Amino acid sequence: GENVEQHPSTLSVQEGDSAVIKCTYSDSASNYFPWYKQELGKRPQLIIDIRSNVGEKKDQRIAVTLNKTAKHFSLHITETQPEDSAVYFCAPLSGGYNKLIFGAGTRLAVHP
Amino acid sequence: EPEVTQTPSHQVTQMGQEVILHCVPISNHLYFYWYRQILGQKVEFLVSFYNNEISEKSEIFDDQFSVERPDGSNFTLKIRSTKLEDSAMYFCASGSGTSGPHNEQFFGPGTRLTVL
Numbered sequence: 147g148e149n150v151e152q153h154p155s156t157l158s159v160q161e162g163d164s165a166v167i168k169c170t171y172s173d174s175a176s177n178y179f180p181w182y183k184q185e186l187g188k189r190p191q192l193i194i195d196i197r198s199n200v201g202e203k204k205d206q207r208i209a210v211t212l213n214k215t216a217k218h219f220s221l222h223i224t225e226t227q228p229e230d231s232a233v234y235f236c237a238p239l240s241g242g243y244n245k246l247i248f249g250a251g252t253r254l255a256v257h258p
Numbered sequence: 256e257p258e259v260t261q262t263p264s265h266q267v268t269q270m271g272q273e274v275i276l277h278c279v280p281i282s283n284h285l286y287f288y289w290y291r292q293i294l295g296q297k298v299e300f301l302v303s304f305y306n307n308e309i310s311e312k313s314e315i316f317d318d319q320f321s322v323e324r325p326d327g328s329n330f331t332l333k334i335r336s337t338k339l340e341d342s343a344m345y346f347c348a349s350g351s352g353t354s355g356p357h358n359e360q361f362f363g364p365g366t367r368l369t370v371l
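The listed protein sequences correspond, in order, to chains R and B. Going left to right, the first sequence walks through residues 147 to 258 as the numbering used here numbers them. Going left to right, the second sequence walks through residues 256 to 371 as the numbering used here numbers them.
Just so you know, the hints here were simulated from the structure itself, not pulled from any lab data. All values reported here derive from a predicted model rather than from experimental measurement. Just so you know, not all the hints are guaranteed correct.
[To be verified] Subject to a maximum C-alpha distance of 25 Å in a straight line, what follows is the list of computed DSS-like cross-link-like pairs (lysine-lysine):
#1 Lys214(R) with Lys297(B)
#2 Lys297(B) with Lys168(R)
#3 Lys297(B) with Lys188(R)
#4 Lys338(B) with Lys312(B)
#5 Lys297(B) with Lys217(R)
#6 Lys214(R) with Lys203(R)
#7 Lys297(B) with Lys338(B)
#8 Lys333(B) with Lys297(B)
#9 Lys297(B) with Lys312(B)
#10 Lys333(B) with Lys188(R)
Whole structure, please, built from the sequences with the hints as guidance.
Rendered as structure tokens:
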């Protein structure tokens with residue numbers, strides 16, 4: 147079956163630093179790669195996504211890079227703020243159909 | 256901005272009882288999903304639904320589970336005979352389908368199911 151791995155599982159940074167979370171996947175047919183942010187007790191919220199026809203996408207302080215050959219994509223957050231503290235999930239779309247396969251999550255803590 | 260809504264926010268039930276979780280997807284969306292998240296764990300796919308039928312289902316989605324779109328707005332998940340291990344947060348999601356199934360999925364706030 148599909149396998150999705152995220153690293154690191156926890157990440158602690160100082161406010162203003164950058165954070166990078168990496169996701170590797172096994173399904174070579176995947177072509178849609180979103181990142182979700184989940185605050186405690188809340189719904190997963192789509193923060194950025196990328197499709198397989200591009201290598202990088204940026205939205206203000208957030209960017210996603212994709213290496214389809216190596217089957218990994220990464221979330222980059224610059225100038226981190228305390229409100230960025232949350233659990234972040236990668237969730238590549240299964241190539242066979244339209245289900246998201248979630249990684250185990252990365253708990254990001256941004257310290258003032 | 257339109258959002259997916261879910262009711263109830265919290266459901267407590269006795270083992271063996273039937274529960275129905277309700278979702279109202281975003282109005283012009285064509286693809287509907289249920290996921291679940293056991294406390295402290297990752298989100299797991301249960302089922303996808305398109306054109307009034309199940310597109311795909313996971314191993315978790317056994318004969319105890321069913322989905323329905325009874326009218327043009329609601330999308331329900333039924334668990335016929337709940338087990339303790341069904342306790343989890345259940346999320347409904349919908350997608351527009353503007354680029355086929357490979358589009359954004361937007362999640363509802365979830366229903367926390369507690370089976371006693």
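Do the hints match the structure? See the list:
With a CA separation close to 23 Å, the supplied pair Lys214(R) and Lys297(B) stays within the 25 Å bound. Under the criterion of a C-alpha separation no larger than 25 Å, the hint pairing Lys297(B) with Lys168(R) is consistent with the structure, at around 16 Å. A distance of roughly 13 Å separates the Cα atoms of Lys297(B) and Lys188(R); the hinted pair therefore holds under the 25 Å criterion. With a C-alpha separation of about 19 Å, the suggested pair Lys338(B) and Lys312(B) falls inside the 25 Å cut-off, and the hint holds.
Annotation: proposed proximity of Lys297(B) to Lys217(R) holds, straight-line Cα distance about 20 Å (limit 25 Å). Distance check on the hinted pair: Lys214(R) and Lys203(R) sit about 14 Å apart at the alpha-carbon level, within 25 Å; holds. Among the hinted pairs, Lys297(B) with Lys338(B) is consistent with the structure: their alpha-carbon atoms are about 20 Å apart, no more than 25 Å. Between Lys333(B) and Lys297(B) the alpha-carbon distance is near 22 Å, which keeps this suggested pair within the 25 Å criterion.
The straight-line distance between the Cα atoms of Lys297(B) and Lys312(B) is roughly 17 Å, inside the 25 Å bound, and the hint therefore holds. Straight-line distance between C-alpha atoms of Lys333(B) and Lys188(R) comes to about 22 Å, which keeps the hinted pair within the 25 Å bound.
Violated hints for the displayed structure: none, as all numbered hints are satisfied.
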